[in-house]
Amino acid sequence: MNKNVIRSVTIVSLFFCILWLVGLGLAVGEYYAGKPDKIPVKTNVEKQVKKKEGLHIVALGDSLTRGTGDETGKGYIGVLMDEIKEKSKQDVQLTNLGISGQRSDSLKQQIQQTEVKRQLQTADMILVTMGGNDLFRGGQALLEFETEDIADIEKKFLENMNFIFQQIRASNPKANVFFIGLYNPFIDLEQGKEMSQVVRHWNYQSAELSASFPNIVFVPTFDLFELKVNDYLYTDKFHPNTKGYRLIAERVASLLTW
Amino acid sequence: MIPLNKLIHNEMMKLIAKKRLVVIAIIIGFLVAMFTYAQYKEVERQREKLGTDDWRTMIQQTIIDQQNRISSARISDEWKKQLQISLQQNQYYLDHDINPSEPGAPTFMRIFLENSIELFIPLMVMVIASDIVSSEHSQGSIKLLLTRPVKRWKVLLSKYITLSLAISLIVAIAGLLSYSISGLVFGYKGWGAPVLTGFTVSDAGLNTASVKLIDQWQFLLMDFGLVWLVAIVVGTLSFMLSVLIRSTAAGMGVMLAALISGAILSNMVSSWESAKYFFMVNLKLTNYMNGNPPPIEGMTLSFSMMVLLVWWAAGLFVSFFVFTKKDVF
Chain A
0 MNKNVIRSVT IVSLFFCILW LVGLGLAVGE YYAGKPDKIP VKTNVEKQVK KKEGLHIVAL
60 GDSLTRGTGD ETGKGYIGVL MDEIKEKSKQ DVQLTNLGIS GQRSDSLKQQ IQQTEVKRQL
120 QTADMILVTM GGNDLFRGGQ ALLEFETEDI ADIEKKFLEN MNFIFQQIRA SNPKANVFFI
180 GLYNPFIDLE QGKEMSQVVR HWNYQSAELS ASFPNIVFVP TFDLFELKVN DYLYTDKFHP
240 NTKGYRLIAE RVASLLTW
Chain B
0 MIPLNKLIHN EMMKLIAKKR LVVIAIIIGF LVAMFTYAQY KEVERQREKL GTDDWRTMIQ
60 QTIIDQQNRI SSARISDEWK KQLQISLQQN QYYLDHDINP SEPGAPTFMR IFLENSIELF
120 IPLMVMVIAS DIVSSEHSQG SIKLLLTRPV KRWKVLLSKY ITLSLAISLI VAIAGLLSYS
180 ISGLVFGYKG WGAPVLTGFT VSDAGLNTAS VKLIDQWQFL LMDFGLVWLV AIVVGTLSFM
240 LSVLIRSTAA GMGVMLAALI SGAILSNMVS SWESAKYFFM VNLKLTNYMN GNPPPIEGMT
300 LSFSMMVLLV WWAAGLFVSF FVFTKKDVF
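Order-wise, the sequence lines are chains A and B. Residues 0 to 257 (numbering that gives the first Met the number 0) make up the first sequence, in order. Residues 0 to 328 (numbering that gives the first Met the number 0) make up the second sequence, in order.
No wet-lab data here; the hints were simulated from the structure. Even glycine gets a Cβ: it sits at the ideal position worked out from N, Cα and C. Misleading hints may appear alongside valid ones.
With a straight-line Cα cutoff of 30 Å, these simulated DSS-like cross-link-like pairs (lysine-lysine) come out [what the hints assert, rightly or not]:
no.: 1; chain 1: A; residue 1: Lys-173; chain 2: B; residue 2: Lys-275
no.: 2; chain 1: B; residue 1: Lys-40; chain 2: A; residue 2: Lys-34
no.: 3; chain 1: A; residue 1: Lys-34; chain 2: B; residue 2: Lys-150
Which chain A residues face chain B? A few, computed with CB under 7 Å, are given here [said to hold, decoys possible]:
no.: 4; residue: Phe-15
no.: 5; residue: Tyr-30
no.: 6; residue: Ala-32
no.: 7; residue: Asp-36
no.: 8; residue: Val-40
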């Protein structure tokens, strides 16, 4: 066998051997002795955002935005998307920022993130579901039925939503915002009547708040679930099922303008 | 007496004649091509799903997905914590406007290295290391080798040095192939892309106080160093088995079992604390650089390196001790 081949393979290997040793030394050095850098946090959102072709839809909110309870996994957003794609013949980009279990104070935090603001800026339409977790607290509302407590919660919620809408309008003054109202999942239960009253009041206040901003539309869902609520609820008796989401999506779809 | 470099030359010749390195290069090449395609498909799918290829949007979606998974009641605390750390890291990248996976061959190389440090590279090393001594037995050439007027330790040392050189070469081959093949699809740029390192994981979650910003090429060099160390340790242990066990297949089997058990153990040992003294649980050194939580709480880079070095030294000692003492027939 050629001596030179063997020699050159040996030399190349030796070179890499030394190189990797240097790398190892660097790694240890960096891990233990490297000084932390001051990396600036990016806070300003670029004013000029590249506007792409097609529709950009941003969805904010809770498990309803995620589609919890829908066997097809779409949720009202998914059904609505299908409808929009079909009707508008445009490319539709959806940014779903919904987080299951989210309450208004956490949405208030979320909406102040730089990246979320950037997304809102480019949005053509913004969908919001919020309030279900504030009010019902996973069914706890039924147990602690103190009207005063609920009045407090409602007040806090409206304050948060006011802030959220201000932020949305500051980031994006043009896009239509659809704020989906609450339904009463407990309407068939013992205290359903009282709960309905609370929900109606809650929705009324939400609608009033929405009306004080330009292009923020309150979308009622209370009536959709008023009769035969159990046909439209998932087995957890809280989230809508596939049919329930379809109802909500259809209602929102009927409000869209092109 | 034959000088050491002649012996190494001789060993090197045997290694090249066996064409093992070529086989290894072909295997790595195949796998890299597959991973490149898989990665390409994944990017494609994401783009389709989100309707954009903007990395900020993608990472924002990842964060939201993680938040949703954390808020689900059905996941274990363990998993929840891992998700939380990953989420905080993603958020950190996003807040500081740094793309954690700048598209390009260097990034692919980094991800490839980080994923192959624990099993794939050690396996490739084993292909060479596990029969470097035992094959002399099975071919009967050990007698010829030892009848030469050379001290036994010198024979073994020449074999060990050759092995170390071959390992360095294998790591280099993995780097070169992953760069050149993935570059065809992702482009060859991205050496200067910023990478964050210095995340520390503690009880309280992710600590970003000592985060550093370095260039990707530096980060890669460090990753290579760590991969090399792991390869050397695994190579040494296979080398030891090759001395101890005459059958190459048996030696390979033992090593393979150890490596695979390491990969499995890393996922489930968090409550069995003394498992951290096994070498195979400590192989994922790159995790310390990119801030992934270690398999067992409290493990650090120096701890893992110490464990590996102890195993390495023990393996080397046993190899030389046994080889110089054992009867050859």
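Hints broken by the structure, by number, lowest first?
-> 1, 2, 3 and 6
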